[in-house]
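As you go down the protein sequences, you meet chains X and H in turn. To convert, count from 1 in the first sequence and add 291; that's the numbering used here. To convert, count from 1 in the second sequence and add 291; that's the numbering used here.
There's no promise every hint is true.
[Claimed, not checked] Using 30 Å as the maximum straight-line C-alpha spacing, the simulated DSS-like pairs for lysine-lysine come out as follows: (1) X/K884 - H/K868; (2) H/K876 - X/K878; (3) X/K600 - X/K878; (4) X/K600 - H/K884; (5) X/K600 - H/K864; (6) X/K600 - X/K884; (7) X/K884 - H/K878; (8) H/K318 - H/K809; (9) X/K876 - H/K600; (10) X/K868 - H/K884; (11) X/K864 - X/K333; (12) H/K876 - X/K884; (13) X/K333 - X/K868; (14) H/K884 - H/K868; (15) H/K878 - X/K876; (16) X/K782 - H/K876; (17) H/K884 - X/K878; (18) X/K600 - H/K805; (19) X/K600 - H/K809; (20) H/K876 - X/K600; (21) X/K884 - X/K864; (22) H/K600 - X/K864; (23) H/K782 - H/K878; (24) X/K864 - X/K878; (25) H/K884 - X/K884.
[Unchecked claim] Here's a subset of chain X near chain H, in silico, CB distances under 10 Å, partners left out: (26) E594; (27) T605; (28) I619; (29) P621; (30) V622; (31) V719; (32) L741; (33) F743; (34) A768; (35) P895; (36) F896.
Think of the hints as simulated: they come from the structure by calculation, not from any bench. Cβ atoms here follow ideal geometry from the backbone N, Cα and C, with glycine treated the same way.
Protein chains: 2
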Amino acid sequence: MHRGAFTAISFLLGALTSMASGYLGMKVAVFSNVRTTVSAQKPGWTACFNTAFRAGAVMGFALCGLGIIMLYVTMLAYRVHYPSPDQWVHLTECITGYGLGGSVIAMFGRVGGGIYTKAADVGADLVGKVVHGIPEDDPRNPATIADNVGDNVGDVAGMGSDLFGSFAESTCAALVIGSSIGVTGGWDAMVFPVIVSAVGIFVCLLSSFIATDLKTVKAENEVESALKIQLIATTILMVPAVYFVSIVYLPSSFDLQATVGDAVFTLHPWEATTCVAMGTVGGLIIGLVTEYYTSHSYSPVREVANSCKTGAATNMIYGIALGYKSAIIPVLVLSVVVYGSFTMCDMYGVALAAIGFLANLATGLTIDVYGPVCDNAGGIAEMAELDPSVREKTDALDAAGNTTAAIGKGFAIGSAALVSLALFGAFVTRIRHASNDALFANGVNMLEPLTFAFLIIGGMIPFAFAAMTMKSVGLAAMEMVMEVQRQFDEKPHLLDANPTERPDYDACIAISTKASLKEMVPPGAMVIFTPLLTGIFFGVTAVSGLLVGALVASVQLAISMSNSGGAWDNAKKYIEKQSPDSELKGKGSDIHKAAVVGDTVGDPFKDTSGPALNIVMKLMAVLSLVFADTFFAVNGGGGVFNLS
Amino acid sequence: MHRGAFTAISFLLGALTSMASGYLGMKVAVFSNVRTTVSAQKPGWTACFNTAFRAGAVMGFALCGLGIIMLYVTMLAYRVHYPSPDQWVHLTECITGYGLGGSVIAMFGRVGGGIYTKAADVGADLVGKVVHGIPEDDPRNPATIADNVGDNVGDVAGMGSDLFGSFAESTCAALVIGSSIGVTGGWDAMVFPVIVSAVGIFVCLLSSFIATDLKTVKAENEVESALKIQLIATTILMVPAVYFVSIVYLPSSFDLQATVGDAVFTLHPWEATTCVAMGTVGGLIIGLVTEYYTSHSYSPVREVANSCKTGAATNMIYGIALGYKSAIIPVLVLSVVVYGSFTMCDMYGVALAAIGFLANLATGLTIDVYGPVCDNAGGIAEMAELDPSVREKTDALDAAGNTTAAIGKGFAIGSAALVSLALFGAFVTRIRHASNDALFANGVNMLEPLTFAFLIIGGMIPFAFAAMTMKSVGLAAMEMVMEVQRQFDEKPHLLDANPTERPDYDACIAISTKASLKEMVPPGAMVIFTPLLTGIFFGVTAVSGLLVGALVASVQLAISMSNSGGAWDNAKKYIEKQSPDSELKGKGSDIHKAAVVGDTVGDPFKDTSGPALNIVMKLMAVLSLVFADTFFAVNGGGGVFNLS
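With the hints as extra help, turn the sequences into a complete structure.
Below is the structure:
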């Protein structure tokens with residue numbers, strides 16, 4: 292009874308913190324947008340870069356700090372009820388609600404926000420650029436304001452709650468798996484995962500001074516390297532920092548029960564550090580590979596740009612192929628991290644590696660928020676009809692942010708995969724204990740008919756989810772186009788050089804808002820109810836197949852979709868930078884039009900469906916863990932149908 | 292020693308039969324193309340439909356018959372060496388080489404053929420339609436002949452060897468898994484899977500008279516239903532036919548050792564029949580769902596067509612989403628068949644269900660060959676400048692073939708998934724016996740670090756494969772466009788109404804030939820070497836993860852890619868049928884141009900990458916099975932690295 296109530300409280304706290312983070316991010320972004328525009332009017336690059344970067348940092352550090360404080364305070368409060376170390380297993384079980392709360396909000400934030408922003412973005416692009424040939428962010432386009440609002444809703448609030456969800460879940464997974472450490476190692480050892488995240492904040496804080504004070508940005512070409520240095524520096528500094536706290540907080544050796552079989556792992560601080568480090572370094576490698584495939588400084592994106600010469604169709608073929616191919620190295624890195632951390636410290640190692648992936652979350656978030664702030668600063672410059680040099684400046688800042696944000700996505704995807712695996716491990720352990728080793732004692736057999744059947748079904752969920760979210764964006768974008776078209780038709784003077792009529796921005800905002808609220812429900816419901824119904828009707832062997840199938844397919848699809856989208860975006864930007872008499876003809880040419888098609892398709896790929904797939908796998912896993920006891924209560928884990 | 296030699300001989304025979312089937316198909320198609328054109332000039336529909344349909348039937352029945360005779364004769368020959376029933380396990384092991392041989396050729400046939408035909412098709416479309424606005428199959432387009440040759444190479448020869456591979460593999464899988472039945476049930480019981488396939492031929496033969504004689508095609512709207520009746524009739528007739536032979540050939544009860552654990556299944560003829568029937572009926576359901584998602588008679592394709600109103604980008608988004616979504620019901624059907632057949636007759640049931648999916652192979656092949664024959668008949672009509680009514684007739688025949696071929700794809704995909712699972716089961720059994728129950732006795736644990744790491748890697752293979760093959764098509768198509776452009780530039784009178792110059796068809800054919808031969812090597816090598824190297828270096832637990840991961844991802848991707856491609860193709864055809872003053876504006880409009888982009892992207896989706904993924908999963912599984920003993924020989928299945 293207590294446990295249920297405590298889990299529910301954790302859930303509410305997680306959900307509230309997630310919402311608070313998103314709200315905070317939007318507030319900061321809105322305040323900083325115009326300031327960045329103003330500082331971009333000053334000479335030099337330092338002022339405007341620092342304004343935008345610091346805006347991102349407010350969000351990054353506030354979110355991480357808030358998340359850790361809430362989590363730790365909740366744990367301390369629950370400790371009053373569960374004072375003795377052998378009760379801490381229950382304490383951590385109640386804490387998983389915090390991760391679940393964060394994830395559920397993350398799901399709706401990411402999907403809803405993604406639909407909102409991309410409906411506006413795609414709609415504005417289709418009408419503005421394709422049909423009427425007016426520039427981006429032109430105030431005469433009625434969808435412009437919706438597009439700008441969308442940047443805040445989707446790219447700041449949605450992304451913030453997404454990453455908060457990742458952080459909360461990975462920490463909770465590590466806590467629940469490592470709860471038995473408390474018995475021999477005490478409270479300090481048990482809360483080690485929280486400490487690692489906390490150390491991450493300090494490391495990020497330290498390295499943020501590199502960008503703002505030590506090695507300030509003085510020229511356009513320094514922007515991207517400044518952001519990249521941030522990520523690399525935090526990764527390098529993390530390893531000794533984690534080793535230091537592992538010696539302080541962890542006992543010199545501690546025991547851990549294996550998930551499968553009866554083996555007991557005897558672990559030491561260096562092994563825990565290695566697992567965290569594998570995650571951090573693995574994340575950086577995945578990030579750099581992502582950058583290679585999505586930045587127009589390298590050959591893959593240039594190949595995509597070249598393929599536009601023969602039209603939109605070859606652009607599509609090349610872009611999709613690039614996305615699929617870009618998953619090869621990240622998947623290999625992931626499998627090395629899985630194998631390494633799993634062999635070294637069992638599921639605890641996997642959970643620590645997941646935390647390692649997110650150790651530089653504060654920096655990642657800083658850069659992620661920095662991007663939309665610069666983007667909107669450019670929009671304000673355009674609408675306020677400032678000198679074009681201001682817009683050029685914010686565009687350059689934004690472009691560097693796009694590339695570096697791609698690196699950040701590497702960390703998020705790696706973390707999501709490992710968190711899901713760790714949560715699945717925790718689920719198996721929970722069922723194993725509940726059934727007194729009658730279930731899962733020898734692991735999870737794939738050659739069980741029910742498991743295999745659900746393995747295929749699990750593999751289908753991410754595809755169905757991507758289909759639903761993509762189509763929502765397409766549908767809402769088409770509505771947006773119709774609305775804008777209607778306004779152009781009804782107000783013929785809207786497009787004059789000095790328009791005498793004002794577009795109805797609110798109508799467009801209403802379309803995005805309505806679409807996002809309505810359309811986020813079906814995919815969200817599918818992700819939430821599939822594991823619940825599977826567990827209740829088909830039992831725990833079915834759930835294990837479902838989770839693993841969803842994990843395998845989500846990883847591939849998430850990486851592919853994000854990178855295809857990023858590559859199309861940057862291929863378009865690459866073509867825009869070419870002069871009209873070069874081979875790629877530059878802006879406004881047929882080649883550019885073909886590239887715009889790719890960019891438009893890529894929008895829901897990279898900002899709605901792709902990143903939301905991270906949440907799909909995690910949310911399904913954490914739900915199964917939280918409801919493990921419920922599943923077990925139905926026919927001893929056999930489910931209502933009690934199929935063998 | 293003997294076993295190695297026998298396996299090698301089977302391999303060669305399988306490969307030769309596959310090549311012979313492809314060659315035969317091309318010969319028949321080439322002979323029948325022009326005859327179909329000639330009979331299309333006659334009044335009425337019966338003559339031309341029957342000509343094309345019978346051409347397909349020649350290929351369908353020849354291929355199935357040849358496959359079964361070769362297989363059965365080989366088995367009889369080997370029986371001389373392995374006379375006693377307890378040696379038949381070795382006999383069936385040697386026979387797996389036949390399946391492997393068929394698959395390897397199928398892989399290269401499908402990939403090479405797919406690249407050949409789509410390079411020519413996409414290239415011809417891009418230049419002909421998009422750049423110069425000349426109609427399809429216009430003899431002034433230098434790529435036209437390459438396109439027609441490609442239809443024979445890819446859609447007839449490539450597809451024929453693909454389906455021969457499916458047939459050979461599913462039969463071999465059932466033989467190897469059911470080999471122990473021979474001990475109690477004798478030769479007749481053991482060869483039951485071959486008998487089922489043989490019965491399928493007779494059932495298909497019987498029902499083929501419905502189309503050609505009993506209920507002949509008399510009007511345009513009867514074409515599609517005539518073809519559909521073929522598939523439904525064979526499915527319905529198969530069930531009693533299989534039940535009849537199961538009573539005749541199988542003993543009234545027989546024992547089968549379970550793959551996992553020590554259970555022994557006591558089976559009866561009705562259970563074997565049920566497994567076959569589940570496959571046949573499941574295949575039909577998947578086929579009908581495929582038709583629903585790819586025919587323009589239903590709402591999904593019309594939605595895609597409508598999305599073209601806002602341009603190519605929304606068309607792409609809708610088409611991809613449709614493909615992803617179209618996998619939901621097929622996957623559910625597959626998982627029901629997996630669960631049902633697996634629980635009922637263990638892996639033997641799965642293998643029988645896989646044969647059930649392919650029981651109407653002869654009919655499926657007939658329809659599959661019928662399509663390209665009509666397509667090329669239309670091309671000949673265009674080039675011979677016959678009356679436009681001839682072309683309209685062949686186009687109608689072709690369109691019906693496209694839709695019905697989509698139903699056939701359902702059978703192929705279902706069969707591939709189940710064959711792969713059955714082969715994986717056989718692999719596990721083989722390793723289990725070789726290790727005297729030290730390995731896999733309790734099944735295959737997914738929570739083994741190495742297995743899980745390779746599960747993710749396995750999931751990546753289909754994506755990498757799709758990327759490679761798609762890009763090959765894109766690359767070759769771009770070369771083709773350049774070549775055609777060069778010819779248009781150098782011979783300015785090529786496009787005159789009465790051209791005084793002849794295009795250089797050979798140069799275009801050479802591009803397709805060279806591209807297909809060169810580009811099929813890397814993806815083929817990846818699929819062949821990945822399981823071999825995994826088994827040798829990382830051992831059998833790694834292989835099991837790899838195979839299952841590849842299976843899960845391949846199923847989703849194969850269904851999605853095939854259906855997206857089919858939907859785009861038919862959305863374009865739907866728009867072409869509209870009048871210029873209707874909402875969709877019809878041929879030549881901007882809406883139509885947006886639809887052409889989708890169709891062009893869909894070409895490699897549905898005819899190169901998508902269907903080849905069926906072979907990817909099967910080939911990896913059969914290779915692992917054939918080399919199981921080799922893998923076990925390296926450190927007792929631990930591989931060179933001997934990781935735990």
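Results for each hint:
1. Taking the CA atoms of X/K884 and H/K868, the gap is near 27 Å; set against the 30 Å cutoff, the hint holds.
2. For the hint pairing H/K876 with X/K878, the CA-to-CA distance comes to about 29 Å; that is within 30 Å, so the pair holds.
3. This hinted pair checks out: X/K600 and X/K878 have alpha carbons roughly 13 Å apart, not beyond 30 Å.
4. A hinted pair counts as satisfied when its Cα atoms are at most 30 Å apart, and X/K600 with H/K884 qualifies at roughly 16 Å.
5. For a cut-off of 30 Å, the pair hint linking X/K600 to H/K864 stands: about 26 Å separates their Cα positions.
6. With a CA separation close to 10 Å, the supplied pair X/K600 and X/K884 stays within the 30 Å bound.
7. Between X/K884 and H/K878 the alpha-carbon distance is near 21 Å, which keeps this suggested pair within the 30 Å criterion.
8. Proximity of H/K318 to H/K809 is assessed by CA-CA distance (about 24 Å); at most 30 Å being required, the pair is judged to hold.
9. Simply put, X/K876 and H/K600 have alpha-carbon atoms about 27 Å apart, close enough for the 30 Å limit, and the pair holds.
10. For the hint linking X/K868 to H/K884, the alpha-carbon distance of about 27 Å falls within 30 Å, and the restraint holds.
11. Distance restraint check for X/K864 and X/K333: the Cα-Cα separation of roughly 26 Å lies within the 30 Å cut-off, and the hinted pair is therefore satisfied.
12. Taking the CA atoms of H/K876 and X/K884, the gap is about 22 Å. The hint holds against a cut of 30 Å.
13. Our distance criterion of 30 Å between C-alpha atoms is met by X/K333 and X/K868, whose separation comes to about 24 Å.
14. About 14 Å separates the Cα atoms of H/K884 and H/K868, which keeps this hinted pair within 30 Å; it holds.
15. Restraint check: the Cα-Cα separation between H/K878 and X/K876 comes to about 29 Å, which is no more than 30 Å; the hinted pair holds.
16. With a C-alpha separation of about 26 Å, the suggested pairing of X/K782 with H/K876 holds against the 30 Å cut-off.
17. The suggested pairing of H/K884 with X/K878 holds, with an alpha-carbon distance near 21 Å, which does not exceed 30 Å.
18. A hinted pair counts as satisfied when its Cα atoms are at most 30 Å apart, and X/K600 with H/K805 qualifies at roughly 23 Å.
19. Of the supplied pair hints, the one linking X/K600 and H/K809 holds, its CA atoms being roughly 24 Å apart against a limit of 30 Å.
20. Of the pairs offered as hints, the one joining H/K876 and X/K600 holds, with about 27 Å between alpha carbons and a cut-off of 30 Å not exceeded.
21. A C-alpha spacing of about 12 Å is found between X/K884 and X/K864, which places the hinted pair at or below 30 Å, so the restraint holds.
22. For the suggested pair H/K600 and X/K864, the alpha carbons sit about 26 Å apart, so the restraint of at most 30 Å is met.
23. Taken as a hint, the H/K782 and H/K878 pair is honoured in the structure, with Cα atoms around 28 Å apart against an allowance of 30 Å.
24. With a CA separation close to 9 Å, the supplied pair X/K864 and X/K878 stays within the 30 Å bound.
25. Of the pairs offered as hints, the one joining H/K884 and X/K884 holds, with about 13 Å between alpha carbons and a cut-off of 30 Å not exceeded.
26. Checking X/E594 against chain H by beta carbon gives a least distance of about 9 Å; that is within 10 Å, so the hint holds.
27. The criterion of a C-beta within 10 Å of any C-beta in chain H is met by X/T605, whose closest approach is roughly 5 Å, and the hint holds.
28. Taking 10 Å as the C-beta contact cut-off toward chain H, the hint placing X/I619 at the interface holds, the least distance being around 5 Å.
29. Interface restraint check: X/P621 against chain H, minimum CB-CB distance 9 Å, threshold 10 Å, status holds.
30. Interface restraint check for X/V622: the shortest CB-CB distance to chain H comes to about 4 Å, inside 10 Å, so the restraint holds.
31. Checking X/V719 against chain H: minimum C-beta separation of about 6 Å stays under 10 Å; hint holds.
32. Nearest Cβ of chain H to the Cβ of X/L741: about 6 Å, under the 10 Å cut. The hint holds.
33. Because the smallest distance between the Cβ of X/F743 and any Cβ of chain H comes to about 6 Å, under 10 Å, the interface hint for this residue holds.
34. The closest approach between the C-beta of X/A768 and any C-beta of chain H is roughly 7 Å, which is under the 10 Å cut-off, so the hint is satisfied.
35. Given hint, X/P895 at the interface with chain H, holds; its Cβ is 6 Å from that chain's nearest Cβ, closer than 10 Å.
36. Checking X/F896 against chain H: minimum C-beta separation of about 9 Å stays under 10 Å; hint holds.
The earlier numbered hints are all upheld by this structure, with none contradicted.
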